[in-house]
Structure formats: C-alpha cells, structure tokens
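Number of protein chains: 2
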Amino acid sequence: MANLEDAAHFLRGADKILILSHRSPDGDTLGCASALSRALIALGKSVMFRCADPVPPKFTYLFEGIEYGEFEPEHIVTVDVADKTLLGSLEPYGDKTDFAIDHHASCRPFAKETWVEGTAGAACELIARLIPALGAEITPKIADCLYTGISTDTGCFRYPNASANTYRIAADLLEHGANAAEINRLMFDTKSRAAVALLKRLYGNMEFHCDGKCAVFCLTSDVIAETGASEDDLDGVSAMVRQVEGVLLGFTLREREGGVWKVSMRATNPADASVVCAKFGGGGHKGAAGCSLTGGLEDVKARVVAACGEAIKALENK
Amino acid sequence: MANLEDAAHFLRGADKILILSHRSPDGDTLGCASALSRALIALGKSVMFRCADPVPPKFTYLFEGIEYGEFEPEHIVTVDVADKTLLGSLEPYGDKTDFAIDHHASCRPFAKETWVEGTAGAACELIARLIPALGAEITPKIADCLYTGISTDTGCFRYPNASANTYRIAADLLEHGANAAEINRLMFDTKSRAAVALLKRLYGNMEFHCDGKCAVFCLTSDVIAETGASEDDLDGVSAMVRQVEGVLLGFTLREREGGVWKVSMRATNPADASVVCAKFGGGGHKGAAGCSLTGGLEDVKARVVAACGEAIKALENK
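Those protein sequences? They're chains A and B, same order as listed.
For the first sequence, the working numbering gives the first residue as 1, with consecutive numbering after it.
For the second sequence, the working numbering gives the first residue as 1, with consecutive numbering after it.
By construction, these hints were calculated from the structure, which means they are not laboratory data.
Hints are supplied without guarantee of correctness; some may be wrong.
Identical copies look the same in the list; a pair holds intra-copy or inter-copy alike.
As the list claims (entries may be wrong) - Once the Cα atoms are required to be at most 20 Å apart in a straight line, the calculated SDA-like pairs of lysine to any residue come out as: (1) LYS200 - ALA314; (2) LYS200 - ASP233; (3) LYS58 - PRO270; (4) LYS191 - GLY287; (5) LYS191 - GLY204; (6) LYS200 - ALA14; (7) LYS200 - VAL223; (8) LYS200 - GLY236; (9) LYS286 - GLY246; (10) LYS112 - PRO56; (11) LYS286 - GLU182; (12) LYS58 - ASP232; (13) LYS200 - THR190.
Construct the complete structure from the given sequences, taking the supplied hints into account.
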C-alpha cells in the first residue's frame with residue numbers, strides 16, 4: 001500500500017496527467033479532482049480531467065477557471081474511486097491507472113499504486129494533505145473545492161465518518177479562505193422546485209404503521225414523473241422517512257419495470273434494516289439496507305410492513 | 001471587560017453557585033449550564049441551575065446524572081445571556097449576577113463582571129476553554145454538552161458563525177468522547193409528527209410570486225392549531241421558504257390577534273430583507289428581517305409581495 005509520501009513523490013515526477021473521478025460524481029470525487037487539478041497546474045503541469053457522467057450543475061463552480069490541456073496522457077490518477085467498475089464507461093482506464101487515491105475501507109485496488117485511508121471522512125482530506133506535500137499552495141479556490149468534498153461526504157459533519165481530524169482539516173481550509181457558509185448553503189440549504197414537489201408528496205402521503213414505528217413512502221412512476229425529481233432527490237427520500245420521531249424502520253418503495261419494487265430502508269438504533277431486508281434476499285448495513293420484491297404495490301407494501309412489524313416486536317420482547 | 005483568566009479565577013474561589021440560562025432555552029445556553037455544572041461539581045462545589053422556562057425534552061439528556069444542591073446561592077453566573085431581560089421571570093437575578101459569560105456581540109452587560117467573545121460561534125466555545133482553566137477534566141459527558149451547544153448554535157457548522165476555531169474546539173471535543181453523530185441525529189435529523197404535519201402544509205401550500213423569486217407561506221391560526229407545531233417548528237419555517245432554488249426573498253405571514261400579521265423574511269444574496277421590512281416599519285439584518293402589518297390576509301400578502309417585487313426589480317436594473 002502506498003502512502004502520502006509515495007503519492008507526492010509520484011506526482012512531483014509526473015506530467016501530462018489525466019485525473020479521473022467516479023461515475024455519478026459527487027462533491028468528494030469532484031472536490032478532489034478540481035483541487036488536485038488546480039495544484040498541479042500551479043506547479044506548471046499539464047492536466048486533463050474525465051468523468052463518465054457530466055458534472056452536475058451544482059458542482060460546476062469547482063471547475064471554474066481551471067485551464068485543462070488536451071494531450072495524450074502519460075500518467076493517470078483516480079480520486080475517490082473504490083473499484084474500477086465505478087469508472088463507468090471509463091473503466092478501460094482502470095488497468096492503466098498509475099495511482100489511486102481513496103478513502104473507502106472497501107476499496108478494491110486496481111491501480112499500479114493505491115493510497116487508501118479508510119478512516120478519512122472524505123477523499124478530500126487526503127488531497128488536503130497531499131497538496132502541501134507537493135509544494136503547492138492551498139489557495140482560497142482550492143480550499144473551496146476541498147471543503148466541498150469534506151462537507152458533502154460527511155453530511156455537513158453530521159455523520160459518524162466526520163472524525164476529529166476531519167474537523168481540524170476543515171478548520172485549516174477555513175483559514176485558507178474556504179467560503180464554508182456559502183458552500184453549505186448551496187449544498188444543503190437549496191431545494192429545487194422538483195424537490196419541493198417531491199417533499200409535498202412525501203409529507204402528504206407518507207404512511208405510518210406499527211404504532212408509528214414503521215413509516216413508508218411509495219415512489220410510484222407517477223410520483224416520479226409528476227414531480228420531475230432527480231436521482232439525487234429520490235435517493236435522499238428514504239433517509240427522510242426514517243427521520244420522523246418514533247420511527248425505527250422507514251422505507252421507500254420505488255417502482256421499477258415489470259412489477260418490481262425496490263425497497264430502500266433506513267433504521268434507527270436499535271432496529272436493524274439489514275435483518276429485515278435479508279428476509280427478502282437483500283442486504284446492507286444495520287442503518288441502511290435494500291431489497292427487491294415483485295407484485296402489486298399494496299401486496300408488496302404489506303409484506304415489507306409485516307416484516308418490519310416482526311422486527312419491531314422482537315426488539316420490544318428483548 | 002473580563003476574560004478567560006478572570007472567569008477561571010472567580011469560579012475557582014466560588015462555591016454555592018447558581019447558574020442561569022436564558023428564557024426559551026436553546027442548545028447553547030443549556031449546553032453551557034450542564035457542562036459547567038458538571039465541571040464545578042467535579043471540583044467539589046455545590047451548584048444549582050435555574051431557567052425561566054422548562055428544559056425542552058430534546059435537551060434533557062444534557063442534565064442526566066447531575067446532582068444539583070438546594071441552598072442559598074452565594075455566587076451567580078449566567079451563560080449565553082446577552083441581556084438581563086432574557087432571563088425572563090428570573091430577571092430580578094440580573095442585578096445580582098456576579099459573572100456573565102456570553103458570545104453575543106450585541107451583549108448588554110448587566111453583571112458585576114462580563115466575559116464576552118463576539119466572534120465565538122457559541123458560548124459553549126468559551127466554556128470549553130474555561131473548564132480546563134478551572135483544572136477540571138472534559139469528561140465524555142461534558143464533551144457531549146459542549147458539542148451540543150456548538151453544533152446547534154452553528155446549524156451543524158452550516159452558518160457563517162462557525163469559525164476555524166469552532167471546528168478546532170469541536171475536534172477536541174470528539175477526542176474527549178463527544179458522540180457527535182448521535183447528537184446531530186437527535187438535533188437535526190429528527191422531526192416530530194407535528195413538524196411533519198407542518199411540512200405537509202408548507203410544501204403543499206407555499207406560493208411563488210415574481211417569477212419564482214419571491215415565496216410566501218401563511219401560518220394562519222388554523223394551520224398552527226391543526227398541525228400542533230411548536231414555536232421551534234414555526235420559527236424554522238421562514239428559513240425553509242427561502243431555501244427554494246431561485247427564491248431571493250421568502251417570508252411567512254403569521255397570524256396574531258386583532259388582524260395583525262407578523263412577517264418573518266429571509267433573503268438570499270444580493271437581496272436585502274431589512275430594506276423590504278423597513279418599508280413597513282420593521283427591521284433586522286440583510287439575511288433575516290421582520291415587520292408587522294394589519295389587515296386581511298390577502299391584502300397584507302399582496303402588499304408585502306409587491307414590496308418584494310419592487311426590491312427584486314431594483315436588483316435586476318442594477
């Protein structure tokens with residue numbers, strides 16, 4: 001396994017560098033790519049950036065003013081890519097990757113060298129340490145990019161992956177000029193009109209079962225089409241179902257083709273979403289799990305609610 | 001003005017101490033009171049705590065296990081109290097207060113000595129520095145109390161008052177055992193059933209004007225009664241109205257007695273809520289302001305929307 005010094009050594013000696021982000025890019029992979037691009041260009045290197053999917057509009061500010069080159073890459077680096085399949089249509093680059101920088105404990109190394117720190121809250125934490133090691137400056141723009149990755153990957157410091165070290169790196173980035181409050185406003189306090197339409201449906205149609213300990217929301221094709229909600233909006237909904245006071249197990253049922261319903265379940269301690277989803281051949285973690293069922297909406301819903309009811313009863317009898 | 005050393009000196013020499021929080025207590029004033037209580041009791045001192053209003057259920061964990069005494073107080077300390085009127089029914093204690101510890105730049109000193117740091121994101125930041133200066137340990141329980149105050153007063157590090165120093169103190173508290181993720185889940189990711197009912201109304205009935213740049217939600221007496229929403233829930237709604245993409249000025253109209261409507265307005269840069277509210281004799285800051293109007297709902301709404309429209313037009317013509 002490579003470390004910070006190895007990554008710095010490799011990049012100091014490299015030029016014509018292609019940086020790759022993972023498909024369906026998020027704030028962390030894009031924060032890494034944009035920050036590292038800026039630092040390498042400041043050091044006089046030629047840099048390119050590629051991602052299988054377009055940069056979502058909310059993240060385009062990360063790349064403003066970066067002057068990318070066009071050339072035959074001599075060195076390839078991936079950021080926040082835990083598995084080469086996550087490169088999407090760029091997967092062929094996986095075997096040609098020289099250096100992978102990642103923070104997923106589950107990382108499946110594919111590059112010639114890999115620097116993974118599974119305890120980091122965001123891959124941007126690694127880049128925040130790498131840039132000074134390269135001899136480059138953390139400019140205010142770079143600080144914005146890195147803060148974006150750290151804040152988005154930790155849910156604005158809400159999740160358990162935000163460690164003391166995460167907070168200290170964020171403090172340093174603020175001192176380097178990161179516009180933390182403005183970034184957080186854009187990332188967490190801005191809702192699209194489609195998201196508003198979805199929330200209207202969610203709070204209007206959410207159902208409670210098992211004495212309010214189980215909550216369900218059905219993302220039928222109709223709801224999705226009517227609201228115009230994005231994947232990002234839809235992904236966030238199962239967490240919201242779980243957030244209601246007293247709810248131990250909350251899930252969404254999302255309509256797929258051919259009568260298939262995808263269950264996305266979230267649990268509050270001591271409930272375990274993975275145990276419930278395992279009954280239907282699914283899996284995941286204690287806090288978040290999923291499974292798929294086939295049938296009519298009411299039938300599928302009743303089966304999952306019943307399984308939640310059994311799990312809740314088992315907890316009460318403990 | 002007193003400082004950290006003065007506060008430590010005073011408390012080291014004090015006993016039979018009464019700690020006071022401000023009325024309508026929030027996470028910061030209660031985090032301060034509970035953390036300081038624990039530290040002073042650990043140092044062998046007798047401590048009492050009073051607040052004009054009850055501790056809200058979501059904050060009772062802060063006080064679990066604290067053994068308060070009953071005695072005639074010899075020394076009085078206030079925490080996070082910017083003005084003696086904020087003591088509510090305990091205001092008579094204001095003139096007897098020996099030491100006030102606060103972080104409001106707008107603080108109007110009333111105690112014999114006052115330690116204010118207007119740049120601190122939360123008064124708990126001051127207590128986090130005071131406790132080690134007293135020679136007491138930051139136990140995991142104290143770390144929980146202080147983290148609660150810092151996180152709640154900065155909107156989980158979202159607001160501009162979270163400085164680099166705020167993040168560094170939070171990092172230290174995590175190392176002292178603060179359950180940051182669990183605290184944040186309770187503070188930010190838990191919605192009461194009343195809050196859910198209010199959100200249903202909000203997202204269902206919010207109105208957009210001025211090409212989507214102005215948003216309004218009416219908190220009529222009916223809505224408030226039907227949803228059973230708390231003051232806390234109602235206070236948060238005007239910020240949510242502003243959060244919709246494209247909205248520059250968002251406000252709530254809240255029904256008071258005698259046909260009076262209270263306007264609570266939030267603005268997104270470059271719009272200025274205080275300019276609009278000033279037209280109706282109100283005031284506030286650029287980002288958040290308020291005013292009151294008398295009349296029928298539709299008439300009052302139309303007048304405020306028209307003022308928002310003028311302000312938005314003025315921005316566009318700049």
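For each hint, the structure was consulted:
For a Cα distance limit of 20 Å, the shortest separation of LYS200 from ALA314 qualifies neither inside one copy, at 34 Å, nor across copies, at 32 Å. In the homo-oligomer, the alpha carbons of LYS200 and ASP233 lie at most 20 Å apart both inside one protomer (13 Å) and across protomers (17 Å), since each shortest distance falls under that limit. In the homo-oligomer, the alpha carbons of LYS58 and PRO270 lie at most 20 Å apart only across protomers (19 Å), although the nearest pairing inside one protomer, at 36 Å, exceeds that limit. Taking the shortest alpha-carbon separations for LYS191 and GLY287, only the inter-copy value of 18 Å comes in at or below 20 Å, while the best intra-copy value is 25 Å.
Proximity of LYS191 and GLY204 under a CA criterion of 20 Å is satisfied in both settings, with 18 Å inside one chain copy and 15 Å between copies. With identical chains, the CA atoms of LYS200 and ALA14 are never at most 20 Å apart, being 51 Å at best within one copy and 55 Å at best between copies. In this assembly of identical chains, LYS200 and VAL223 lie within 20 Å of each other by CA distance both inside one copy and across copies; the values are 11 Å within and 16 Å between. For a Cα distance limit of 20 Å, the shortest separation of LYS200 from GLY236 qualifies both inside one copy, at 14 Å, and across copies, at 17 Å.
Taking the shortest Cα distances, LYS286 and GLY246 sit within 20 Å of each other inside one copy (17 Å), while across copies they are farther apart (38 Å). When the C-alpha separation of LYS112 and PRO56 is checked against a cutoff of 20 Å, the pair qualifies neither within a copy, at 30 Å, nor between copies, at 56 Å. Proximity of LYS286 to GLU182 under the C-alpha cut-off of 20 Å is restricted to the inter-copy arrangement: shortest distance 15 Å between copies versus 34 Å within a copy. Only within a single protomer do LYS58 and ASP232 lie at most 20 Å apart by alpha-carbon distance; the minimum there is 12 Å, versus 30 Å between protomers.
In this assembly of identical chains, the alpha carbons of LYS200 and THR190 lie at most 20 Å apart whether taken from the same copy (16 Å) or from different copies (18 Å).
The structure is inconsistent with the numbered hints 1, 6 and 10, although it conforms to all the rest.
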